[in-house]
Amino acid sequence: MIGYYPFMVLPNDLLEASVNRNVSLLLKDGRLLDGKLSGFDQYMNLVLEDAIEKKNDSEPRRLGKVVVRGSTVVSISLM
Amino acid sequence: MIGYYPFMVLPNDLLEASVNRNVSLLLKDGRLLDGKLSGFDQYMNLVLEDAIEKKNDSEPRRLGKVVVRGSTVVSISLM
Amino acid sequence: MIGYYPFMVLPNDLLEASVNRNVSLLLKDGRLLDGKLSGFDQYMNLVLEDAIEKKNDSEPRRLGKVVVRGSTVVSISLM
Amino acid sequence: MIGYYPFMVLPNDLLEASVNRNVSLLLKDGRLLDGKLSGFDQYMNLVLEDAIEKKNDSEPRRLGKVVVRGSTVVSISLM
Amino acid sequence: MIGYYPFMVLPNDLLEASVNRNVSLLLKDGRLLDGKLSGFDQYMNLVLEDAIEKKNDSEPRRLGKVVVRGSTVVSISLM
Amino acid sequence: MIGYYPFMVLPNDLLEASVNRNVSLLLKDGRLLDGKLSGFDQYMNLVLEDAIEKKNDSEPRRLGKVVVRGSTVVSISLM
Amino acid sequence: MIGYYPFMVLPNDLLEASVNRNVSLLLKDGRLLDGKLSGFDQYMNLVLEDAIEKKNDSEPRRLGKVVVRGSTVVSISLM
Chain A
1 MIGYYPFMVL PNDLLEASVN RNVSLLLKDG RLLDGKLSGF DQYMNLVLED AIEKKNDSEP
61 RRLGKVVVRG STVVSISLM
Chain B
1 MIGYYPFMVL PNDLLEASVN RNVSLLLKDG RLLDGKLSGF DQYMNLVLED AIEKKNDSEP
61 RRLGKVVVRG STVVSISLM
Chain C
1 MIGYYPFMVL PNDLLEASVN RNVSLLLKDG RLLDGKLSGF DQYMNLVLED AIEKKNDSEP
61 RRLGKVVVRG STVVSISLM
Chain D
1 MIGYYPFMVL PNDLLEASVN RNVSLLLKDG RLLDGKLSGF DQYMNLVLED AIEKKNDSEP
61 RRLGKVVVRG STVVSISLM
Chain E
1 MIGYYPFMVL PNDLLEASVN RNVSLLLKDG RLLDGKLSGF DQYMNLVLED AIEKKNDSEP
61 RRLGKVVVRG STVVSISLM
Chain F
1 MIGYYPFMVL PNDLLEASVN RNVSLLLKDG RLLDGKLSGF DQYMNLVLED AIEKKNDSEP
61 RRLGKVVVRG STVVSISLM
Chain G
1 MIGYYPFMVL PNDLLEASVN RNVSLLLKDG RLLDGKLSGF DQYMNLVLED AIEKKNDSEP
61 RRLGKVVVRG STVVSISLM
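Read top to bottom, the protein sequences are chains A, B, C, D, E, F and G. Here this note's numbering is used: position 41 in the first sequence is 41, and no number is missing along the way. Here this note's numbering is used: position 41 in the second sequence is 41, and no number is missing along the way. Here this note's numbering is used: position 29 in the third sequence is 29, and no number is missing along the way. Here this note's numbering is used: position 41 in the fourth sequence is 41, and no number is missing along the way. Here this note's numbering is used: position 65 in the fifth sequence is 65, and no number is missing along the way. Here this note's numbering is used: position 28 in the sixth sequence is 28, and no number is missing along the way. Here this note's numbering is used: position 3 in the seventh sequence is 3, and no number is missing along the way.
Looking at chain A on its own, in the form it has when it is part of the complex (with noise of 0.2 angstroms):
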């Protein structure tokens, strides 16, 4: 359905671009978590290293190395 379009940025790309860098994810649930993004999957299934999860009211809590289901995945921000 989607031909070749030099021109584009695809999602995939960026995010290939991003590996070992850090992003801030947000999630469906409102939560905010930023680490190194160490690598994701075709479903955007994702890694995480030194990830911290934020949400509004709550300290901030260490999760440390995390894989998050892409299916509760609203955006991905670079940092």
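Keep in mind that the hints are not guaranteed to be accurate.
[As the list claims (entries may be wrong)] The calculated lysine to aspartate or glutamate pairs, modelled on EDC-like cross-linking and capped at a C-alpha distance of 20 angstroms, are:
id: 1; chain 1: C; residue 1: 55; chain 2: B; residue 2: 57
id: 2; chain 1: F; residue 1: 55; chain 2: G; residue 2: 59
id: 3; chain 1: A; residue 1: 28; chain 2: B; residue 2: 34
id: 4; chain 1: G; residue 1: 55; chain 2: A; residue 2: 29
id: 5; chain 1: G; residue 1: 28; chain 2: F; residue 2: 29
id: 6; chain 1: F; residue 1: 54; chain 2: F; residue 2: 34
id: 7; chain 1: F; residue 1: 55; chain 2: G; residue 2: 29
id: 8; chain 1: D; residue 1: 55; chain 2: E; residue 2: 29
id: 9; chain 1: C; residue 1: 54; chain 2: D; residue 2: 59
id: 10; chain 1: C; residue 1: 54; chain 2: D; residue 2: 57
id: 11; chain 1: B; residue 1: 54; chain 2: B; residue 2: 41
id: 12; chain 1: B; residue 1: 28; chain 2: G; residue 2: 29
id: 13; chain 1: F; residue 1: 55; chain 2: E; residue 2: 13
id: 14; chain 1: A; residue 1: 55; chain 2: B; residue 2: 34
id: 15; chain 1: A; residue 1: 54; chain 2: B; residue 2: 59
id: 16; chain 1: A; residue 1: 36; chain 2: G; residue 2: 13
id: 17; chain 1: A; residue 1: 28; chain 2: F; residue 2: 29
id: 18; chain 1: D; residue 1: 36; chain 2: C; residue 2: 13
id: 19; chain 1: E; residue 1: 28; chain 2: F; residue 2: 29
id: 20; chain 1: A; residue 1: 28; chain 2: G; residue 2: 29
Hints in this document: simulated from the structure, not taken from any laboratory.
Given chain A, put chains B, C, D, E, F and G in place with the hints provided.
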């Protein structure tokens, strides 16, 4: 199931024509994301640049470069 | 699973007949989107022109040209 | 996975027998939609004519001809 | 992924054995639907006859013949 | 994507080993269902016998033989 | 869509390396499940041993051996 309708503007065509232009995304949780559309894939995952997040009651938040999951998008308006 | 029923109006056929006509979308979050249907794809993603968003308690909002994700649509009424 | 059970009324068969008859749809958000079933597809997207929407506390709303997304339907009652 | 387990009662087998018997459906929105199971398909869409809808605080509602979408069903109890 | 890991207990294997034993299901809406696991299919639809439903504030409810849709299950504990 | 990126830690690889180690699951309904990861499948359904469920306001609950549906998981942290 759907043939070729020359008189139609397909969603994909409109998105393609919007690359490098400003768009405004409405997300399922009510957030608005404004930014320049850099690209998208067949799941309607989108790449925005210079993205700004607006939520009714809180300050706009600069997100910079961001990948947005298509499954969380309600609509994409051209600006 | 479904054969050919000449006596049926298929959803797809009705949408096709509605291109370039005004429609009113009801979205899952209760929003109404009125506009001219420019096209749609097999996921029922839709393109509206001159779209106006109405939410119960807030002012109508002009959206102009907009892609609406089929997965967020409840119903499409012909006007 | 499912063989042929002559003693069963398949959902699809009942819908087919209901074309051009009045049905009442219950939607996931609690709305009721009454109207004449004009057709449906394999996703249980439905076409209703002379549709009337009823919500507990608000006035019935005449929708006329409407496409309803199968994914938002809870049940379809024959009237 | 799953082989043949002669010692198992498969969900499909139990449903098949329940055709023309009374069942009670629990739906995702908390409704109960009681009625005679007339048939079902591979998506667990179900046909009930003489269906009665019960909601905690409201009067039981007679629905007659009804198609119930499998995706809204939590459980099916044999009565 | 996943090879053969002899050192793993696969979810499917554990379920198979649990047939004819008591399990406790946690459902998405917070209900608990206790009963004897009679079988399951590849969608993790489950058959329970002598099922008892527990909800925080209400009386336990005897459901007898029940088919539970896998898509509504959070977890399955062996008892 | 995704090629082979030797520099990436794939979600699947991290899970595989975590078998027989302690993990902490965050579920969509806010529950935390701590336990030893015994295995998982391609849907990210997981098997935990000696699982303990923690909910903000209630007592931790010992679940023992448990199958957790991947579709209800937000994240998996290594401990």
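These are the hints, each one checked on the structure:
About 17 angstroms separates the Cα atoms of residue 55 of chain C and residue 57 of chain B, which keeps this hinted pair within 20 angstroms; it holds. With a C-alpha separation of about 16 angstroms, the suggested pair residue 55 of chain F and residue 59 of chain G falls inside the 20 angstroms cut-off, and the hint holds. Note on residue 28 of chain A and residue 34 of chain B: the hinted pairing holds, with a Cα-Cα distance of about 19 angstroms set against a maximum of 20 angstroms. Among the hinted pairs, residue 55 of chain G with residue 29 of chain A is consistent with the structure: their alpha-carbon atoms are about 16 angstroms apart, no more than 20 angstroms.
At roughly 11 angstroms between alpha-carbon atoms, residue 28 of chain G and residue 29 of chain F fall within 20 angstroms of each other, so this suggested pair holds. Distance check on the hinted pair: residue 54 of chain F and residue 34 of chain F sit about 8 angstroms apart at the alpha-carbon level, within 20 angstroms; holds. For the given pair, residue 55 of chain F sits about 16 angstroms from residue 29 of chain G by alpha-carbon distance, which is consistent with the 20 angstroms threshold. Taking the CA atoms of residue 55 of chain D and residue 29 of chain E, the gap is about 16 angstroms. The hint holds against a cut of 20 angstroms.
Note on residue 54 of chain C and residue 59 of chain D: the hinted pairing holds, with a Cα-Cα distance of about 17 angstroms set against a maximum of 20 angstroms. Restraint check for residue 54 of chain C and residue 57 of chain D: satisfied, since their Cα atoms lie roughly 19 angstroms apart, inside the 20 angstroms limit. Proposed proximity of residue 54 of chain B and residue 41 of chain B is contradicted: the alpha carbons are some 24 angstroms apart, above 20 angstroms. This hinted pair checks out: residue 28 of chain B and residue 29 of chain G have alpha carbons roughly 18 angstroms apart, not beyond 20 angstroms.
Taken as a hint, the residue 55 of chain F and residue 13 of chain E pair is broken in the structure, with Cα atoms around 28 angstroms apart against an allowance of 20 angstroms. Simply put, residue 55 of chain A and residue 34 of chain B have alpha-carbon atoms about 23 angstroms apart, too far for the 20 angstroms limit, and the pair is violated. The hinted pair formed by residue 54 of chain A and residue 59 of chain B meets the criterion: a straight-line CA distance of about 17 angstroms does not exceed 20 angstroms. Distance check on the hinted pair: residue 36 of chain A and residue 13 of chain G sit about 17 angstroms apart at the alpha-carbon level, within 20 angstroms; holds.
Taking the CA atoms of residue 28 of chain A and residue 29 of chain F, the gap is near 18 angstroms; set against the 20 angstroms cutoff, the hint holds. The straight-line distance between the Cα atoms of residue 36 of chain D and residue 13 of chain C is roughly 17 angstroms, inside the 20 angstroms bound, and the hint therefore holds. Simply put, residue 28 of chain E and residue 29 of chain F have alpha-carbon atoms about 8 angstroms apart, close enough for the 20 angstroms limit, and the pair holds. Proximity of residue 28 of chain A to residue 29 of chain G is assessed by CA-CA distance (about 11 angstroms); at most 20 angstroms being required, the pair is judged to hold.
Hint check: violations occur at hints 11, 13 and 14; the rest are consistent with the structure.
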